[in-house]
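Enquirer: Given next are the chains, with one letter for each unit.
Protein chains: 2
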Amino acid sequence: MFECVPNVSEGRDASTIDAIAEAIRSTPDVHLLNVHSDPDHNRSVFTYVSDSADAIRDATLRLYDVAIPRVDLRIHHGAHPRVGAVDVVPFVPLETTTMQQCIDVSVATAQQIAERHHIPIYLYEHAARHDERRELPVIRSGGFENFPQKIHDARWVPDFGPAQVHPTAGVSVVGARVPLIAFNIQLGTDRIEVAQACARAVRGISGGLRFVRALPIALASKGLVQVSMNLLDYRRTPLHRAFTLVETEAARFGVTIVSSEIVGLVPAEAMYEVAEWHLRVSGWKKNMILEERIRERRT
Amino acid sequence: MFECVPNVSEGRDASTIDAIAEAIRSTPDVHLLNVHSDPDHNRSVFTYVSDSADAIRDATLRLYDVAIPRVDLRIHHGAHPRVGAVDVVPFVPLETTTMQQCIDVSVATAQQIAERHHIPIYLYEHAARHDERRELPVIRSGGFENFPQKIHDARWVPDFGPAQVHPTAGVSVVGARVPLIAFNIQLGTDRIEVAQACARAVRGISGGLRFVRALPIALASKGLVQVSMNLLDYRRTPLHRAFTLVETEAARFGVTIVSSEIVGLVPAEAMYEVAEWHLRVSGWKKNMILEERIRERRT
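From first to last, the protein sequence lines stand for chains A and B.
The opening residue of the first sequence carries number 119 in our numbering; numbering runs sequentially from there.
The opening residue of the second sequence carries number 119 in our numbering; numbering runs sequentially from there.
For reference, chain A alone in the conformation it holds in the complex (with noise of 0.2 angstroms):
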């Protein structure tokens, strides 16, 4: 089964974020899972799954479609960083789908993409050509603004499209990667100062843990902050490691943590893990899990 999860850069004009979900869900053979929303973010993530690459190919195209003509990033203001009105569009492979079959998707969607739309494309993570380009942060530095002088640097051209960047859509990255979580964590103060600390103190780039990348975001419409997380690998850094460690830090400031919110959908392993380290089961084993044995059972 192959996953794909894009990022389109509106999170508020409800009549786009529907025409791209009734874009997706009236594609033959692929399942929309979820849309989720942010105004503060002015941006939305959409999840859809499919056994076939052609689909999921197709309802990714449909996405483009329908997102270019409504999306103009000259306009666009949002909290979040993006340099694409379609951001970036991981392929995602879960249960028997292999790894080299979402990179043969990914880069298959690209090319088309590249060809019907004009936009750059930078593939990244496991399909990146490149080793300097394969960290979306990287690539996504600078932002949509910065990005006109940046792609005329040669360690920029881009992999498919033009060497210019699309007027209205920006650039796009298209790739294949592991299941991510998408977790964010809103803090009890609108200092945005607090927010830092805390996305400081928790990303392995900076010191905190290896497979965490966070940024600070003011959610203007709440009056909070929050510490927006991306989980690169939950095996390794599973969620509630990440909770206390944003816990620590903030509480040194006086602060608490309001709610958390997974962006998209959360595999029900990582939240087993929450629940098993927090009760200190001994011997913890997924199939402890009555459904999981069923299944176990019946396959």
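Hints listed in this document are in silico derivations from the structure and should not be mistaken for laboratory results.
Warning: the hint list may mix true and false statements.
The list treats identical chains as interchangeable, and a pair is accepted whether it falls inside one copy or across any two copies.
Unchecked claim - Straight-line Cα separation of at most 16 angstroms, EDC-like style, residue types lysine to aspartate or glutamate; simulated pairs: (1) K404 - D190; (2) K404 - E414; (3) K404 - E379; (4) K404 - E387; (5) K268 - E365.
Nothing here was measured: the structure is a model prediction, and the numbers come from that model.
Fit chain B to the supplied structure of chain A, relying on the hints for placement.
Expert: This is chain B only, laid out in the frame that chain A set:
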């Protein structure tokens, strides 16, 4: 789907435990999911399922055929209360199976056991025919040793079988109930009075949590004490609440929780609840789980 979770008064002799497991495993259309044995309790819990009422009854009859000649309560010692060699046999409805179907199979099974082995049977929980005999602790009070007196009381005429305790196998409690979670917490002390205080604090009957039953048990082999619990309705009294209450009460004695233990299997939903509570997930729904969402779309 029918689930059956008999508790047998043997947790030490591997040959008996294996023979019982094999009797279940060899029953056509029955899947043995879990065997949990505890030498201190001197008790084993077998979890098996079937889509067929006849098959789940057959497996249970085979379990009795193997256990009755092998388990002699006259020489049985264990930390867990018991009244029978096969102490308690709950049938549990899963998926689309109804409670009435489980009541029916429990009654049919009980009748055949009584006839075949001349064991007095008490129907309990949803299968109970007397309101005052609905709850297991009431039926089991006094234990095997006291049952020869108890059974002569007019209120304790068995539902099936002779009004005389089986010399080696005692009596059996058979019935139908909702899924429960058997959850034990180990405390870092050998002082039984700490486990007693925690059990009193957490269980509904003495003023604690409505759907928790709890017993203090000494684990001689580990040099620890245990709060042995049944969570009768994990949706209304979740695992994390019972855990926190025991933790708080133990702390009053300067004692911490060493580990916990799931006896048998636990429903996925119960673990999701613990995780989302600790993570403070806003707007939590089960369909935020990737696999649940995929299954939902496939069915």
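Enquirer: Would you mind marking each hint as holding or not holding in the structure?
Expert: For each hint, the structure was consulted:
no. : hint        : verdict
1   : K404 - D190 : neither (46 angstroms within a copy, 35 angstroms between copies)
2   : K404 - E414 : within (11 angstroms within a copy, 21 angstroms between copies)
3   : K404 - E379 : between (24 angstroms within a copy, 14 angstroms between copies)
4   : K404 - E387 : both (7 angstroms within a copy, 13 angstroms between copies)
5   : K268 - E365 : neither (37 angstroms within a copy, 56 angstroms between copies)
Hint violations for this structure: numbers 1 and 5, all remaining hints satisfied.
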